[in-house]
Amino acid sequence: GESVGLHLPTLSVQEGDNSIINCAYSNSASDYFIWYKQESGKGPQFIIDIRSNMDKRQGQRVTVLLNKTVKHLSLQIAATQPGDSAVYFCAAKRDNFNKFYFGSGTKLNVKP
Amino acid sequence: GAVVSQHPSWVICKSGTSVKIECRSLDFQATTMFWYRQFPKQSLMLMATSNEGSKATYEQGVEKDKFLINHASLTLSTLTVTSAHPEDSSFYICSARDLVSGGSNQPQHFGDGTRLSIL
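Keeping their order, the protein sequence lines are chains A and B. Counting in my numbering, the first sequence runs from 1 upward without gaps. Counting in my numbering, the second sequence runs from 113 upward without gaps.
Only chain B is shown next, with the shape it has when bound in the complex (with noise of 0.2 angstroms):
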């Protein structure tokens, strides 16, 4: 149990696109997912918290504008790259937590990220 789904796993684009990243929780219901950004041999650095049916709860030092999150259902948060340039070139993964049925202590499941590299 407990899967999350990121969709795609590689994006390469060219400078000046959008991209989307979808994070899926399959078999359960999550109404926070986290978006994290991770550069080679670092560890993870939290961007931001969905919340389902609100906003998005950004870290400081992120741009709201330049990274768009939706979290518009139960099962799906949505990362926009907005206007991508090589800096934002990175692997961003995201998790989500069963809270619904397991109470505050339970764990974050990850997606297996997705390496966004922008020409």
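The shape of chain A in the complex, shown without the other chains (with noise of 0.2 angstroms):
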């Protein structure tokens, strides 16, 4: 099977600044890796991705390591703003599965 979990169920950050949130994942099959967002009452919002053949990628103000030695994700918030309170699951596949098994997620307070 496969399981995806995160270290801290809540983060609270002051506004400004950088925020990192963790995951750790079971299975070493796992090839392709997402951090979403989700808000209240919304569905879950893709922020970045990476493959297993990378070990970061940046986007604006996110960047996201990976560590397949010890099956660890991280996701890093650059300046993080209020707009950025949410809560933020990942989410691993395997290759030539269609699934994707998700983390129990990470709630992120930011403090103005």
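Heads up, some of the hints might be wrong.
[To be verified] Below, in silico cross-link-like pairs of lysine-lysine (DSS-like), each with a Cα-Cα straight-line distance of 25 angstroms or less:
#1 B/Lys178 / A/Lys99
#2 B/Lys167 / B/Lys132
#3 A/Lys99 / B/Lys132
#4 A/Lys42 / B/Lys153
#5 A/Lys42 / B/Lys126
#6 A/Lys71 / A/Lys111
#7 B/Lys153 / A/Lys107
#8 A/Lys42 / B/Lys132
#9 A/Lys99 / B/Lys176
[As the list claims (entries may be wrong)] Residues on chain B that point at chain A, a partial pick, calculated with CB under 8 angstroms:
#10 Leu138
#11 Gln141
#12 Thr161
Keep in mind that the hints were calculated from the coordinates and are not lab data. Bear in mind that the values here come from a model prediction, so they are computed numbers and not experimental data. Every residue gets a Cβ at the ideal spot worked out from N, C-alpha and C, and that includes glycine.
Got two chains here, separate frames each, mind docking them using the hints?
Following this line, the structure appears as structure tokens:
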């Protein structure tokens, strides 16, 4: 099977600080990973993805790091803003499998 | 691009009625769509994989006769909660992947969910 979990259920940061959200996955065959942001009452919104042949990928204010050795994934948000407050999920997929497995989620609270 | 629309966004109905939820891919073709259920403050639980033109694949523990899925076209999948009861109240979310133009490593794009409340 597959399990994807997060180390911290909630994270509070000051506006302007950097945020780091962590995720662990169990199946070493996972080859594609995504971070999603979910605001209250809405569906998950794609943030950034990374394939297993990479260990880092950067987007606008976000960076995803992948450590396949320890099966760990992280999302870094630079200069966190109040609009970043949401629940963040990581998801992992195995090659040739169509399904994604989601972590339990981390709630990010940004304090003004 | 890659917009998924879900309708309705909120449903309140009496126990025993059936409720249909629609999921549409607006600007891409989706041979596969996914239906999730989410309880408050919990993660997304995959219910089933909806395959265009064939039967849906249900996850273990999900009742096929309770949650009917139809994927009759490349842009529309429907989930019908039959004879709904209060315990079926939840947030139902669909997603789709643009595998036609993008290949296997493409993200799922989600609808905004349907909040179902059974009285």
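Against the structure, the hints come out as follows:
| no. | hint | in the structure |
| --- | --- | --- |
| 1 | B/Lys178 / A/Lys99 | 22 angstroms, holds |
| 2 | B/Lys167 / B/Lys132 | 17 angstroms, holds |
| 3 | A/Lys99 / B/Lys132 | 23 angstroms, holds |
| 4 | A/Lys42 / B/Lys153 | 13 angstroms, holds |
| 5 | A/Lys42 / B/Lys126 | 24 angstroms, holds |
| 6 | A/Lys71 / A/Lys111 | 31 angstroms, violated |
| 7 | B/Lys153 / A/Lys107 | 9 angstroms, holds |
| 8 | A/Lys42 / B/Lys132 | 19 angstroms, holds |
| 9 | A/Lys99 / B/Lys176 | 18 angstroms, holds |
| 10 | Leu138 | 14 angstroms, violated |
| 11 | Gln141 | 15 angstroms, violated |
| 12 | Thr161 | 6 angstroms, holds |
The structure is inconsistent with the numbered hints 6, 10 and 11, although it conforms to all the rest.
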